[in-house]
Amino acid sequence: MAYQPDRSQYPQKKADGSLDIDLSSGKYLKLWQGPQHPGITGNMSVELTVCGDEVVEGITHVGYLHRGFEKLMERRTFIQCFPIVCRICVPEPDFNEYCYAAAVEELAGIEAPEYANWIRALILEMGRINSYLMYCGGQAGAFGMGVISQWTTYVRDLMLDRFEELTGARIYHMFILPGGVRDRLPEGFAQRMEETLGEIESTMSDVYDTMYCNAVFKKRTVGVGVIDVDLMDSYGVTGPNARAGGVAKDVRIDQPYLVYPELDFEPILGQDSDIYTRADVRRKDLLQSVDLVRQILAKMPKQGSLMAKVPNVMHWKIPRGETYIRGECSRGEYGYYLVTDGSGYPRRVNVRGPSYTHAMALLERMIVNLNIADVAGLMVSLHTYPPEIER
Amino acid sequence: MSIQPKKSIRDLLSPFSAWKHVLRNPVTIPDPLNERPGSARYRGFHKNDNEKCIGCGTCETICQNGAIDMLPVEDVATKDGDSGLRPRIDYGRCCWCALCVDVCMTGSLTMSNEYKWVESDPDAFRFTPGVDKKFWDDAELGYNRPEEHRLVAQERIEMQEMDVDSRIDSFAEIVNGYSIEEAKLEADRCVACGLCIATCPIHMSIPDYINAVREGDYEKGLKLLYETNPFSNVCGRVCTRKCESACASRHEGAPIAIRWLKRHIIDQVPQEKYREIIGDPKPSTGKRIAIIGAGPAGLTAAFDLVRMGHEVIVYESRAKAGGMTRYGIPEYRLPYDALDRDIDTIVSMGVEIIYNTRIGADISMQQLTQNFDAVLLAIGLQEGRQTRIPNSDHEKVYRAVDLLDKITAGEEFDLPHCAVIIGGGNVAMDIARSIARLQKQQYGLVDVVLTAMEEQQHFMADLDEIKEALEEGIIIRDQCGPQGCEIDQSGKLVALKTWKVLSIFDSEKRFAPVYNPDDETIHACDTVIEAIGQLSDTSLLGNELTEKLEWNRGRIQIDTEGRTSVSWLWSAGDCVNGPDVVHAVADGHRVADSIHSYLADA
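First to last, the protein sequences are chains A and B.
Position one of the first sequence corresponds to residue 1 (this note's numbering), numbered consecutively onward.
Position one of the second sequence corresponds to residue 1 (this note's numbering), numbered consecutively onward.
Okay, chain A solo, but in the shape it has when bound (with noise of 0.2 Å):
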């Protein structure tokens, strides 16, 4: 069955921007994928507008997971901050523990010891294999092949494991923290982190095999869900979907932090910007986190000092300041925007969660003219995590 790009008989739209369609005709139907949904990526749903079994309006509904992280910052020290951002996304936290943290230093004058900085794009990275792991499994069974899951869910839990022999914990983490990190690689760390490496590199060797490099995949993918790139500035599309579209936006090597000059690495690119390209960047840029780790490891001090001096925690003022710091999780532009007043308390916190973007606005856009079945695979491609939406 080809792709047909213009099967809909598409309705029209009434001046309030709503589509203009009776749904007592029984022409049309109303839809909800989600909140619980496999299909859906996390807490959210969308509302579609269906023509049969084509999708003419998709509304993305938000506001299951609201925690109100941002709100509740403003009312914890800058210190007590810091064990909740974790939870701000949790299949990657630490891109929360980071910005925050880099945040607070840089508004309160700290600079964390060269020794810490290699340790958290450690952690970075290692969280980034995990996001990619889990997104795989995701995308796979998006289209119906639950066993790539199964696989990417065991060498995930391998990763696991290296977090929790280093952090002390194996989904929040809490270990960067303002002024540095917590403690230094255990013994022997940098050869079970090579087994495991091992592991994934053979696990993701499998799903090329299988996934990748398969039929009914390709047919399901290839040409469908293609952000255009005229798209990609005014929808402040970023990470791989933009990377698959040809646009290398990498924060890494844009606006370059912690460690990552020092590493070798160049940001992978796509052309087509369809769901199989970003799921191939994504397949690339999960490898090259893998050398990225096998470097950090290879390149980092043996020793170093984990903490900069900081003031007493139990009551920590920061002068008034604003200032906004990002880094490149494996979804895109992950940003905390941190405004400081001079009080032992945080003015305002802002995060910017890539998913923001591209679950809530680009879907929308994206999703019509789009077959029922593909909705799934199409959200899944864009490598949302809901909790990030709602802080």
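It should be emphasised that the hints constitute simulated quantities derived from the structure, not laboratory data.
Even for Gly, the Cβ is constructed at its ideal location relative to N, Cα and C.
Watch out, some of these pointers could steer you wrong.
Stated by the list, open to error - Straight-line distance between alpha carbons at most 25 Å, and here's what the computed BS3-like set of lysine-lysine pairs gives:
| id | chain 1 | residue 1 | chain 2 | residue 2 |
| --- | --- | --- | --- | --- |
| 1 | B | Lys282 | B | Lys223 |
| 2 | B | Lys7 | A | Lys219 |
| 3 | B | Lys396 | B | Lys406 |
| 4 | B | Lys220 | A | Lys317 |
| 5 | B | Lys509 | B | Lys79 |
| 6 | B | Lys497 | B | Lys396 |
| 7 | B | Lys184 | B | Lys282 |
| 8 | A | Lys30 | A | Lys14 |
| 9 | A | Lys218 | B | Lys7 |
| 10 | B | Lys7 | A | Lys284 |
| 11 | B | Lys52 | B | Lys134 |
| 12 | B | Lys500 | B | Lys440 |
| 13 | B | Lys406 | B | Lys440 |
| 14 | B | Lys320 | B | Lys406 |
| 15 | B | Lys467 | B | Lys500 |
| 16 | B | Lys242 | B | Lys184 |
| 17 | A | Lys218 | B | Lys184 |
| 18 | A | Lys218 | B | Lys20 |
| 19 | A | Lys317 | B | Lys223 |
| 20 | B | Lys320 | B | Lys273 |
| 21 | B | Lys134 | B | Lys116 |
| 22 | B | Lys509 | B | Lys467 |
| 23 | B | Lys184 | A | Lys317 |
| 24 | A | Lys309 | B | Lys184 |
| 25 | B | Lys440 | B | Lys467 |
| 26 | B | Lys133 | B | Lys79 |
| 27 | B | Lys20 | A | Lys284 |
| 28 | A | Lys219 | B | Lys6 |
| 29 | B | Lys242 | B | Lys467 |
| 30 | B | Lys6 | A | Lys284 |
| 31 | A | Lys71 | A | Lys299 |
| 32 | A | Lys284 | A | Lys218 |
| 33 | A | Lys219 | A | Lys284 |
| 34 | A | Lys13 | A | Lys30 |
Stated by the list, open to error - Far from chain A, some chain B residues (derived; all Cβ distances over 12 Å):
| id | residue |
| --- | --- |
| 35 | Gly107 |
| 36 | Asp280 |
| 37 | Pro335 |
| 38 | Thr357 |
| 39 | Ala512 |
| 40 | Asp518 |
Position chain B against the provided structure of chain A, taking the given hints into account.
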């Protein structure tokens, strides 16, 4: 235009490679049937070393989940430096971020690597680690704060002092005081646990005034000081600082320099502003109170009573006020102008001090009772105790307090060329260091030997005093029990004889020294100075009153409010409790409250 994937035979066959996984071993871990221990750093269930924990509550303050409550527990008593409370953790709230472990001031709170706990009673998950016994209490692994990971500074900001060479022949104040930057850094270390407040005899709002230093709001700081302590100049310099021995920071570093921060506030506010910051006294009540003795206890009571609206007249036998703080403490520790600032402030509140007037000689107690509604006896401890060893009645055997008095008053006395001091307390250090300074000034060299019965690490004197005395060239010989003064044929004092002390107290902690007579030391000297404690001279009371009063081992018997057995007479300070300044101030407050309520009822 639709994009079509390229047709490829590989894409058709390759997915079947998934079948090779059929031959692989399953990777599923049958949890929880199999034990899978958490990693060595795992942030699992909490452990608390009850012996180490001081109940400072820093964990409770830092917990952003409100998961920790400080609660009293059985078998843990409140004592100095230990609130007696222990953290109870609610696992319905805890997020295992371990900030509580990171800020724990003693390192008592840690985490095990245990993470599985099944219980049918939901209340069980609210527990007090270390008190409620748990199966992970002995777990060896788990999160412990790494040595380098400190969120609260441990090192004290060093106080700048005069070096030995410039101070040894001078009575100028040794301690320079903190600069504003230094004070802020030192104040920043405080975690405001409040253990100091509980320990301070006058319960000063220490964390609050330390906060005022951090904020740079010195006027607020001064107001806080004067709420509890009219002798802040004095206490900012010579307080025995019980607070610092209770400070939570002392466990893994140095205690906060509370005394120096108090002094810093005092140094920052000009004297002219004190009166305005303290505020006006209440309207007059028409009641009159006489206070005998213008030392810290008497003047504190006077300060309080005047602010309550009473008329207070203080009778002082000496030419200046301050009592032992003036005539006992050397100038290099407490400059007279600092003491004068405290006294001037008290006088500015409306306290009248009548100097050079000795009760019993110039005015009788009888007259006081007739002219006043209440009388407070705050006469201190002016007489030095004597060792009563053989030949200690020699004219060259002095009492430390007498000599310190002479030095303050500027009276002439025979400065010893070679002095031996008996005693290991602060007064012994004061006289040793004062004599050393005078010797340096007049003879150019220091020859002072200090002997004491205790081992040096158990001296009553402050560690700083001992350290500085040694720096100044004073020789300390510990474990020396005085046995007699040696006199030559011409009647000249030539030495002090001591025996080695084997033990000082008996099994019931009574004073019963045991010596080794074979281990004898002869300390050659021309003067012996006894600094083994002081007595009170109560002869001013007169026979009639002395008989009427109840006594307790040589001291006037008082109740918890400072009342004697005579309805109109109170007593406070060193003569009943002591000796130290801050206890005298505490006493002053206590009797002032008692007198006030007595007068209100009268």
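We went through each hint and held it up to the structure:
Between B/Lys282 and B/Lys223, the direct Cα distance comes to roughly 17 Å. Compliance with the 25 Å bound is thereby established for this hinted pair. Under the criterion of a C-alpha separation no larger than 25 Å, the hint pairing B/Lys7 with A/Lys219 is consistent with the structure, at around 10 Å. A hinted pair counts as satisfied when its Cα atoms are at most 25 Å apart, and B/Lys396 with B/Lys406 qualifies at roughly 15 Å. The hinted pair formed by B/Lys220 and A/Lys317 meets the criterion: a straight-line CA distance of about 19 Å does not exceed 25 Å.
The hinted pair formed by B/Lys509 and B/Lys79 meets the criterion: a straight-line CA distance of about 21 Å does not exceed 25 Å. Between B/Lys497 and B/Lys396 the CA atoms are separated by roughly 15 Å; this keeps the pair inside 25 Å, and the hint holds. Between B/Lys184 and B/Lys282, the direct Cα distance comes to roughly 35 Å. Violation of the 25 Å bound is thereby established for this hinted pair. Between the alpha carbons of A/Lys30 and A/Lys14 the distance comes to roughly 17 Å, so the proposed pair stays at or under 25 Å and holds.
The hinted pair formed by A/Lys218 and B/Lys7 meets the criterion: a straight-line CA distance of about 10 Å does not exceed 25 Å. For the proposed pair B/Lys7 and A/Lys284, the alpha carbon gap of about 22 Å is at most 25 Å, so the pair holds. Between B/Lys52 and B/Lys134, the direct Cα distance comes to roughly 18 Å. Compliance with the 25 Å bound is thereby established for this hinted pair. Taking the CA atoms of B/Lys500 and B/Lys440, the gap is near 30 Å; set against the 25 Å cutoff, the hint is violated.
This hinted pair checks out: B/Lys406 and B/Lys440 have alpha carbons roughly 18 Å apart, not beyond 25 Å. A C-alpha spacing of about 14 Å is found between B/Lys320 and B/Lys406, which places the hinted pair at or below 25 Å, so the restraint holds. For the proposed pair B/Lys467 and B/Lys500, the alpha carbon gap of about 23 Å is at most 25 Å, so the pair holds. At most 25 Å may separate the alpha-carbon atoms for a hinted pair to count; B/Lys242 and B/Lys184 meet this at roughly 22 Å.
At most 25 Å may separate the alpha-carbon atoms for a hinted pair to count; A/Lys218 and B/Lys184 exceed this at roughly 66 Å. The suggested pairing of A/Lys218 with B/Lys20 holds, with an alpha-carbon distance near 22 Å, which does not exceed 25 Å. Among the hinted pairs, A/Lys317 with B/Lys223 is consistent with the structure: their alpha-carbon atoms are about 24 Å apart, no more than 25 Å. Simply put, B/Lys320 and B/Lys273 have alpha-carbon atoms about 24 Å apart, close enough for the 25 Å limit, and the pair holds.
Annotation: proposed proximity of B/Lys134 to B/Lys116 holds, straight-line Cα distance about 12 Å (limit 25 Å). About 28 Å separates the Cα atoms of B/Lys509 and B/Lys467, which puts this hinted pair outside 25 Å; it is violated. Taken as a hint, the B/Lys184 and A/Lys317 pair is honoured in the structure, with Cα atoms around 13 Å apart against an allowance of 25 Å. Under the criterion of a C-alpha separation no larger than 25 Å, the hint pairing A/Lys309 with B/Lys184 is consistent with the structure, at around 15 Å.
For a cut-off of 25 Å, the pair hint linking B/Lys440 to B/Lys467 stands: about 19 Å separates their Cα positions. Under the criterion of a C-alpha separation no larger than 25 Å, the hint pairing B/Lys133 with B/Lys79 is consistent with the structure, at around 24 Å. For the given pair, B/Lys20 sits about 24 Å from A/Lys284 by alpha-carbon distance, which is consistent with the 25 Å threshold. Annotation: proposed proximity of A/Lys219 to B/Lys6 holds, straight-line Cα distance about 9 Å (limit 25 Å).
With a C-alpha separation of about 19 Å, the suggested pair B/Lys242 and B/Lys467 falls inside the 25 Å cut-off, and the hint holds. Taking the CA atoms of B/Lys6 and A/Lys284, the gap is near 20 Å; set against the 25 Å cutoff, the hint holds. For the suggested pair A/Lys71 and A/Lys299, the alpha carbons sit about 40 Å apart, so the restraint of at most 25 Å is broken. For a cut-off of 25 Å, the pair hint linking A/Lys284 to A/Lys218 stands: about 17 Å separates their Cα positions.
Note on A/Lys219 and A/Lys284: the hinted pairing holds, with a Cα-Cα distance of about 21 Å set against a maximum of 25 Å. Distance check on the hinted pair: A/Lys13 and A/Lys30 sit about 16 Å apart at the alpha-carbon level, within 25 Å; holds. For B/Gly107, the non-interface assignment is confirmed: its Cβ lies about 15 Å from the closest Cβ of chain A, beyond the 12 Å cut-off. With a least beta-carbon separation of about 33 Å from chain A, B/Asp280 lies farther than 12 Å from that chain, consistent with its non-interface assignment.
No beta-carbon of chain A is positioned within 12 Å of the beta-carbon of B/Pro335; the least distance is around 32 Å. With a least beta-carbon separation of about 50 Å from chain A, B/Thr357 lies farther than 12 Å from that chain, consistent with its non-interface assignment. The Cβ of B/Ala512 lies farther than 12 Å from every Cβ of chain A, with a closest approach of about 48 Å, so its non-interface assignment holds. With a cut of 12 Å on Cβ distances, B/Asp518 stays outside the contact zone with chain A, its closest approach being about 56 Å.
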